[in-house]
Every structure is written in structure tokens, then in C-alpha cells.
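Colleague: Sequence:
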Amino acid sequence: MDIPELPRRIHTLGEEPPAMNSISYHTCWTLHTALKKALHDDEYEELKESKLGVFIKFQELGFDWASRLVHYMLGFQLDIKKKYELWSLVGPQPVRFALLEFENLIGLNCEYIEDLERPHYVVTKGLTSFWGMLGVQVEAGPSTQEIIAAFERCEGWSRDDRKRLRR
Numbered sequence: 001m002d003i004p005e006l007p008r009r010i011h012t013l014g015e016e017p018p019a020m021n022s023i024s025y026h027t028c029w030t031l032h033t034a035l036k037k038a039l040h041d042d043e044y045e046e047l048k049e050s051k052l053g054v055f056i057k058f059q060e061l062g063f064d065w066a067s068r069l070v071h072y073m074l075g076f077q078l079d080i081k082k083k084y085e086l087w088s089l090v091g092p093q094p095v096r097f098a099l100l101e102f103e104n105l106i107g108l109n110c111e112y113i114e115d116l117e118r119p120h121y122v123v124t125k126g127l128t129s130f131w132g133m134l135g136v137q138v139e140a141g142p143s144t145q146e147i148i149a150a151f152e153r154c155e156g157w158s159r160d161d162r163k164r165l166r167r
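Be aware that the sequence shown starts at 1, since it is given in full-length UniProt numbering, and climbs by one per residue.
Rather than coming from a laboratory, the hints here were simulated on the basis of the structure.
If you're wondering where the values come from, they're calculated on a predicted model, not measured in any experiment.
Heads up, none of these hints are tricks.
Each computed EDC-like pair below joins lysine to aspartate or glutamate, with the alpha-carbon atoms no more than 16 Å apart:
hint, residue 1, residue 2
1, K125, D161
2, K57, E46
3, K37, E152
4, K48, E60
5, K163, E152
6, K163, D41
7, K163, E45
8, K57, E45
9, K125, E139
10, K37, E155
11, K163, E46
Okay, the calculated beta carbon distance ranges per label pair:
hint, residue 1, residue 2, range
12, D115, K163, 28 to 34 Å
13, K125, Q93, 50 to 56 Å
14, E101, H32, 21 to 27 Å
15, T144, Y112, 24 to 30 Å
16, S143, E43, 20 to 26 Å
17, E5, E60, 41 to 47 Å
18, H32, L127, 20 to 26 Å
19, T30, A98, 28 to 34 Å
20, D160, R8, 48 to 54 Å
21, Q145, F97, 29 to 35 Å
Idealized CB from N, CA, C, for every residue including glycine.
Generate the whole structure from the sequences, applying the supplied hints.
Modeller: Below you can see the structure in the form of C-alpha cells.
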């Protein structure tokens, strides 16, 4: 069987980027540690069983296997025109990884957003009030440091507010 002509690779064979630029070197588990400390055991287990639980499982598995896979995919990436797809060679076979595959793997909503600069979301009184509890400006949204600070002071919050914080 003949192998079809493929787009050229982004990196020349043998000149792939070094692994030190991979996810395993850029992943910071500070947020996860603060989250686990802030939640009660039953709340943490509930989060772990939700669609966001995949990130907790990555951390518990050490994430090394995933970073090696990502590094491989980026190192053997094909140069294609589609902005939101990544094609890599696995042996002689091209493999696509796009938002659809990502959504299927992790179960989070990856629907298309028309304008990333101004994504459409409704700022309700409840959201404004909650972000006020976080000490965050509604227009800017929370930073990682602000979320960690909120984890440190959320013990007296209601279960619903702690649940909102962890999302």
C-alpha cells in the first residue's frame, strides 16, 4: 500500500525542540495544592468525579506520561493551514488532534467562541457578588494568585460558594 503525500513536518527530523520546553517543566501544581487544602474531603472527591476531575487525575499520575505524549506530538507536528487543529505523525500515519478530540477526552465544553477578545457571558448579580467575595474585578477576571488567596480564606464560606470557587 502506498503512503499518501503528507504536508512537510514543522521540525526537521532530529531537530525537534528539547523536552525541557514541555508541559512537565511548565506545569505548576500550586493551584491544585491550594484547592485540595481548601476543600473538605467529600467536596474534593465530588470534584474529582466531575468533568474537571481529569486534571486532578493528571496530577495524581505525575503527568509525566502526558507531557511525553505532548512533546512527541509537537515534535512530529505537520505544517497544516488549519488554525485549530494539530496533525502529527505516528509512525507513517498522520493523526489529528483538535478541539473535538480534546472535548471528547476531558468532557469540558469546547464550543466555538466567535470573538475571543469579547466572549459572550452574562454578568449576573450573583457573579458580581461572588467575584466581590474573591476580591476580583469583574472586567478582568481572577488571576491564579487571587484564586489561591481565596482558597486560603474560604473556610467560613457556604458549601455552594466553595463549590463555585473550585470551578
